[in-house]
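Produce the complete structure using the sequences and hints provided.
For the sequence shown, the positions run 37 to 250 when the working numbering is used.
Keep in mind the hints are simulated off the structure, nothing from the lab. Watch out, some of these pointers could steer you wrong.
Said to hold, decoys possible - With beta-carbon atoms standing in for the labels, derived distance ranges:
(1) Leu83 / Arg57: 37 to 43 Å
(2) Val80 / Leu130: 22 to 28 Å
(3) Arg54 / Ser116: 25 to 31 Å
(4) Val80 / Val228: 26 to 32 Å
(5) Ala144 / Thr62: 24 to 30 Å
(6) Trp61 / Gly107: 22 to 28 Å
(7) Arg57 / Phe133: 44 to 50 Å
(8) Arg54 / Asp118: 46 to 52 Å
(9) Ala84 / Glu49: 50 to 56 Å
(10) Phe133 / Thr48: 56 to 62 Å
(11) Gly201 / Thr62: 46 to 52 Å
Positions of the beta carbon are idealized from the N, C-alpha and C atoms, including for glycine.
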Amino acid sequence: MPSTHLTRTERTERWERRSARGLTWTVLVGAVGWGLLATVAGIVTVLAQLLQDRFDLTLLADTPVPDAASGGTARLVDGSFDTAEVTVTGLSALPRFLLTLEGATAVATTLLVSATVAYFCWGVLRHRPFSRPVFALVALVGYALLLGTILGQGFGGLGRMIAAGELNGAGADGFWPLATVVDLGPAGTGLVLLVAAGAISIGQRMQRDTDGLI
37 MPSTHLTRTE RTERWERRSA RGLTWTVLVG AVGWGLLATV AGIVTVLAQL LQDRFDLTLL
97 ADTPVPDAAS GGTARLVDGS FDTAEVTVTG LSALPRFLLT LEGATAVATT LLVSATVAYF
157 CWGVLRHRPF SRPVFALVAL VGYALLLGTI LGQGFGGLGR MIAAGELNGA GADGFWPLAT
217 VVDLGPAGTG LVLLVAAGAI SIGQRMQRDT DGLI
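Shown next, in the form of structure tokens:
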């Protein structure tokens, strides 16, 4: 009876190891594929905008919903559009540069995140999850998300504000508000990754101490 129980335990542990290894390989391949596809798509988008001089922007808008939006039995009490997806051409050099810089920052951040996930999975498969480059990559991604959010979205927001002003023309009041929205969510993720980098550093020291004891 104990021998049978031991055999079942060994089979369960073997199945868990194989499942974990298969899941790790899946995440690694997915991270590489996602990183390559997102990077290529981002580069193509940025280059297409520059070559065609057509920039797809999300601009703030403050306009009421038209009467045609309430043509049935129900009635709209109130409503307005907050944003509008537009394609703009004929922008000056400054907003084009700022919007391109935002796109390049997004591409670089995506590439760093996918590379870090893939490298960490490779370290797990080699039973070395806390190797020295992992700390540097995780810290780099954390700083990239933190600074990329502030700088990248800041540059992009400024570019969209300038684009709104150029669409409005010389009038004091125009259709497009000279404002933008910045999503600080990725910056929070960057802070979490910096904390994770600190934890990885502690794990590296513990691993070195353990190797020294062995």
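Each hint, compared with the structure:
1. Remark: the range hint 37 to 43 Å for leucine 83 to arginine 57 is upheld by a beta-carbon distance near 39 Å.
2. Restraint check, valine 80 to leucine 130: a C-beta distance of roughly 23 Å satisfies the suggested window 22 to 28 Å.
3. Judged by the Cβ atoms, the range 25 to 31 Å given for arginine 54 and serine 116 is violated: they are separated by roughly 56 Å.
4. Between valine 80 and valine 228 the beta carbons are some 30 Å apart, a value that agrees with the proposed interval 26 to 32 Å.
5. Take alanine 144 and threonine 62: their Cβ atoms lie about 25 Å apart, and the range 24 to 30 Å holds.
6. Roughly 55 Å separates the CB atoms of tryptophan 61 and glycine 107, a value that falls outside the hinted 22 to 28 Å.
7. Hint check: arginine 57 to phenylalanine 133, Cβ distance near 47 Å, so the stated range 44 to 50 Å holds.
8. Between arginine 54 and aspartate 118 the C-beta distance comes to about 50 Å, which sits within the given range of 46 to 52 Å.
9. Against the hinted window of 50 to 56 Å, the Cβ-Cβ separation of alanine 84 and glutamate 49 comes to about 52 Å, which satisfies the hint.
10. At about 59 Å, the CB distance of phenylalanine 133 to threonine 48 agrees with the hint of 56 to 62 Å.
11. Checked against the hint of 46 to 52 Å, the C-beta distance between glycine 201 and threonine 62 comes to roughly 48 Å, which is consistent with it.
Hint check: violations occur at hints 3, 6; the rest are consistent with the structure.
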